[in-house]
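**Student:** First to last, the sequence lines map onto chains A and B. Note that numbering that gives the first Met the number 0 has the first sequence beginning at 0, numbered continuously upward. Note that numbering that gives the first Met the number 0 has the second sequence beginning at 0, numbered continuously upward.
Calculated directly from the structure, the hints in this document are not laboratory data. Accuracy of the hints is not assured; some may be wrong.
Under the rule of at most 25 Å between Cα atoms (straight-line distance), these lysine-lysine pairs were calculated in the PhoX-like manner [as the list claims (entries may be wrong)]:
id, chain 1, residue 1, chain 2, residue 2
1, B, Lys131, B, Lys195
2, A, Lys330, B, Lys274
3, A, Lys295, A, Lys344
4, A, Lys250, A, Lys311
5, A, Lys257, B, Lys195
6, A, Lys234, A, Lys151
7, A, Lys118, B, Lys6
8, A, Lys257, A, Lys330
9, A, Lys250, A, Lys295
10, A, Lys5, A, Lys446
11, B, Lys131, B, Lys184
12, A, Lys250, A, Lys359
13, A, Lys359, A, Lys213
14, B, Lys131, A, Lys330
15, B, Lys277, B, Lys297
16, A, Lys311, B, Lys277
17, B, Lys297, A, Lys118
18, A, Lys118, B, Lys195
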Amino acid sequence: MIDIFKQLVEIAGNRVSASPCERYCYRGDASQVFGNPDFVVMPHSTSQVSRIIRLCNEHLIPVTARGAGTGLSGGCSPVKGGVVLDMSGMNRLLEMDIENQQVIVEPGMIAEALNGLLKPHGFFFPPDPGSMAMCTIGGMIANNSSGMRSVKYGTVRNYVLDLEVVLADGRVIHTGKRVLKSSAGYDLTRLFVGSEGTLGIITGAGLKVVPLPKTRKLIIAFFAEADIAGQAVIKVFSEGITPSACEILDKTTLSVLKLCDSHLAIAEEGDMILFEVDGTEISTEEAARQIIEICKPLAASTRIVSGLEMQKIWAARRLVGAAISRLDPQKTRVYMGEDVGVPIKEIPALIRKVQQIAGKLDLPIMKYGHIGDGNLHVALFIDVADEAQWERLRLAADRIHRAALDMGGTVSSEHGIGLARAEYLPEQMGSDAFSLMHSIKRVLDPKGLLNPGKMGFS
Amino acid sequence: MLKEDRKAIDQCVRCGACRSVCPVFQESGWESANARGRMLILRGLYSGQPPDHHVLDSLNSCTTCAICTEICPAGINPPGLVERGRRHLASKGITSGQQRLLAGNILSSGNTFGIENERLSWLADRSLISKKAEYVYFVGCMNSYRYRETAARTFAILHRFGATVLPAERCCGSPLLRTGFEAHKLVKENSRQIRKIGASTVITGCAGCYTTLKSSYPNEFEVKSVAEFLAEHISELDLNRLDLNVSYHDPCHLGRHSRIFDQPRELIEAICCLKEMKTSRENAGCCGGGGGVRFGYKDLSMKMAQKRLAEAPDCVDYIVTSCPLCIRNLRDAGGGERVIDLVDLLAMALPEEPIR
């Protein structure tokens with residue numbers, strides 16, 4: 000029998016591990032989905048990835064790619080064992096092509112590091128998940144992730160021009176060209192964006208980058224109820240203003256926010272909306288003034304923030320999701336039902352619904368998210384040592400997912416499907432569309448070895 | 000396992016924020032080398048997973064620098080959990096050769112080097128040792144045996160305020176406690192001597208000793224770092240200005256662990272121009288020497304130290320710090336004589352050469 004470990008070592012040298020300890024560390028991500036890999040490999044080049052994939056294809060070994068493992072859906076959990084490909088070691092910037100508004104990166108490049116490199120050139124890569132200090136570009140592409148500024152700048156999908164992909168049989172393809180637009184053939188780039196490692200392994204990416212705005216301002220508005228906050232948001236958009244971010248944080252979230260940074264001068268007087276506007280000094284001032292005008296009749300209070308205070312608020316906002324234990328050390332945030340999205344007009348109704356679901360099950364809840372694009376992050380937290388609380392949590396997550404679907408929404412806006420939300424995908428897409436997706440999967444991965452067990456594929 | 004430890008491990012949501020800051024992970028790249036991985040390993044360990052040398056390497060390669068604690072959204076303190084994990088393994092006899100060697104040195108000789116020489120050899124005039132004093136200068140192993148001039152300079156300054164030294168100081172116990180062992184005997188012996196002198200305050204110039212004296216000794220006396228004490232008495236020091244640019248490296252155990260950021264800077268800025276390193280204060284990079292890593296994983300330790308040295312501005316004459324272990328590691332990694340103790344810098348600004 001072939002010694003797979005030895006073969007992997009021949010390809011990737013000492014960047015291969017079969018130790019129980021390392022394998023245990025690569026069981027999953029931040030979700031509750033766990034697998035048990037047989038090997039962990041940290042490749043350094045496309046050619047290494049191609050050779051590993053060929054080996055696995057030949058010997059029918061499952062391969063699960065992974066970036067920083069910051070996902071929330073079990074997308075990188077090796078539920079069928081096999082090889083975990085830790086792509087975070089392939090983290091180089093291959094080309095900075097500012098004249099063409101592009102960069103070419105390896106998939107392990109950290110989002111924040113890329114923006115650090117772009118800043119001196121006056122450019123940035125806009126998608127900004129809360130995990131941008133540690134998540135990789137490859138992981139972001141695989142999950143079509145986004146963040147607080149997606150309301151204006153869109154998701155990763157809007158910035159990927161070309162991908163280098165290792166296919167299931169080891170061949171290496173490019174899905175696009177170094178052009179800002181193309182109408183040549185099927186859009187394979189978009190097919191691979193959000194495919195969660197089920198169609199191929201991304202080993203390189205050509206990304207569009209955009210100029211940094213000259214300035215940013217934050218408008219903080221407090222509302223007595225989420226409903227009224229929702230009305231204000233809809234009114235802002237209806238008036239033709241597109242904020243660069245539009246976030247809702249409920250009262251509990253604000254308490255946690257202040258525990259993340261005790262110096263924040265933020266009251267806890269209701270639901271807070273953060274509107275960020277960016278652009279020139281004049282345009283942001285005008286937009287901020289307009290937003291204040293629109294909110295004033297509806298809000299309990301409003302104020303404009305900029306500079307260091309704004310940075311501190313955003314920094315705390317990025318941490319808030321995982322920080323619930325600071326409020327109640329007996330409880331832990333569990334990521335389930337945390338990423339639903341609905342048409343923005345439905346957000347107040349969704350908030351009411353999730354509150355009702357959590358209330359009925361006697362579960363504490365924190366609600367925050369990107370109200371500007373209809374994405375609500377529901378944070379449920381429990382004593383993880385109490386099995387009864389787990390039961391209620393699972394029930395709540397299921398009901399939240401179904402509520403979003405009932406409102407014409409999605410079970411995942413930016414975190415992906417993985418295994419955690421796989422059961423809802425056929426329902427969300429409809430059986431014919433899901434079946435078409437499955438057909439595509441079979442063509443690209445006939446042996447079913449790439450991230451098996453995910454996205455509802457049997 | 001302590002119930003609180005299980006709770007703390009459970010609070011880790013595996014967000015991976017620690018990946019962005021852990022200096023060991025930045026060198027290694029493997030999950031087992033960051034706090035998230037270590038929390039998983041501890042969870043496995045306490046759930047009955049059999050430990051192997053990879054588990055030991057994961058826990059032992061943590062410098063306990065606590066930058067993960069600083070950033071952890073869930074508010075967990077991984078170094079504390081790692082240290083207790085090491086203790087759990089050591090209690091079952093699972094230790095590395097280096098751990099055993101270090102512990103053996105300390106237990107046999109009372110110092111980390113296993114040296115039989117006299118600990119007070121840096122002090123020429125023994126008549127300066129008082130039987131009773133308000134202040135005790137706790138020298139520590141590193142300064143006693145490796146940086147004797149710094150020890151002498153520190154004592155010369157502190158003696159002006161009536162400080163004495165212990166007649167038979169032992170290792171504070173920090174290396175044992177950091178690497179999974181107990182240090183009851185050392186704590187008992189040093190405490191006995193401090194009690195006999197009747198000191199209200201123990202002053203130390205070693206960040207490791209400081210943390211240990213503060214957290215693992217009986218709460219019978221106040222503990223101050225040399226930086227704290229001298230900053231309180233800055234007006235009495237009569238310091239001259241020096242035409243120097245210096246950076247300050249925050250030792251992890253003095254900075255992040257003990258929140259002593261301002262006092263060393265106050266002293267430096269009183270005598271010369273402070274140019275901050277690329278990361279500083281609570282975000283300061285680790286020298287790579289702590290937590291037993293210098294002793295157990297020298298190559299890894301040196302890489303971290305080199306990275307830290309590269310964070311100093313080119314224009315500085317000295318990289319000043321207030322921990323002899325940091326000095327040792329940064330010097331060995333290429334910093335050489337450019338890396339000095341805070342007291343060595345202050346000595347340059349004193350009106351006269353201190354007593355030896």
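**Student:** If a hint holds in the structure, say so; if it doesn't, say that too.
**Tutor:** Each hint, compared with the structure:
Of the supplied pair hints, the one linking lysine 131 of chain B and lysine 195 of chain B holds, its CA atoms being roughly 8 Å apart against a limit of 25 Å. The hinted pair formed by lysine 330 of chain A and lysine 274 of chain B fails the criterion: a straight-line CA distance of about 43 Å is larger than 25 Å. Only pairs whose Cα atoms come within 25 Å are accepted, and lysine 295 of chain A paired with lysine 344 of chain A is accepted, the gap being roughly 20 Å. Only pairs whose Cα atoms come within 25 Å are accepted, and lysine 250 of chain A paired with lysine 311 of chain A is accepted, the gap being roughly 18 Å.
Between lysine 257 of chain A and lysine 195 of chain B the alpha-carbon distance is near 47 Å, which puts this suggested pair outside the 25 Å criterion. For the given pair, lysine 234 of chain A sits about 16 Å from lysine 151 of chain A by alpha-carbon distance, which is consistent with the 25 Å threshold. Restraint check: the Cα-Cα separation between lysine 118 of chain A and lysine 6 of chain B comes to about 41 Å, which exceeds 25 Å; the hinted pair is violated. Taking the CA atoms of lysine 257 of chain A and lysine 330 of chain A, the gap is about 18 Å. The hint holds against a cut of 25 Å.
With a C-alpha separation of about 20 Å, the suggested pair lysine 250 of chain A and lysine 295 of chain A falls inside the 25 Å cut-off, and the hint holds. The hinted pair formed by lysine 5 of chain A and lysine 446 of chain A meets the criterion: a straight-line CA distance of about 23 Å does not exceed 25 Å. Proposed proximity of lysine 131 of chain B and lysine 184 of chain B is supported: the alpha carbons are some 23 Å apart, at most 25 Å. A hinted pair counts as satisfied when its Cα atoms are at most 25 Å apart, and lysine 250 of chain A with lysine 359 of chain A qualifies at roughly 19 Å.
Between lysine 359 of chain A and lysine 213 of chain A the CA atoms are separated by roughly 47 Å; this puts the pair beyond 25 Å, and the hint is violated. The suggested pairing of lysine 131 of chain B with lysine 330 of chain A is violated, with an alpha-carbon distance near 51 Å, which exceeds 25 Å. Distance check on the hinted pair: lysine 277 of chain B and lysine 297 of chain B sit about 24 Å apart at the alpha-carbon level, within 25 Å; holds. Restraint check for lysine 311 of chain A and lysine 277 of chain B: the C-alpha separation of about 20 Å stays at or below 25 Å, so the hint holds.
For the hint linking lysine 297 of chain B to lysine 118 of chain A, the alpha-carbon distance of about 36 Å lies beyond 25 Å, and the restraint is violated. Under the criterion of a C-alpha separation no larger than 25 Å, the hint pairing lysine 118 of chain A with lysine 195 of chain B is inconsistent with the structure, at around 61 Å.
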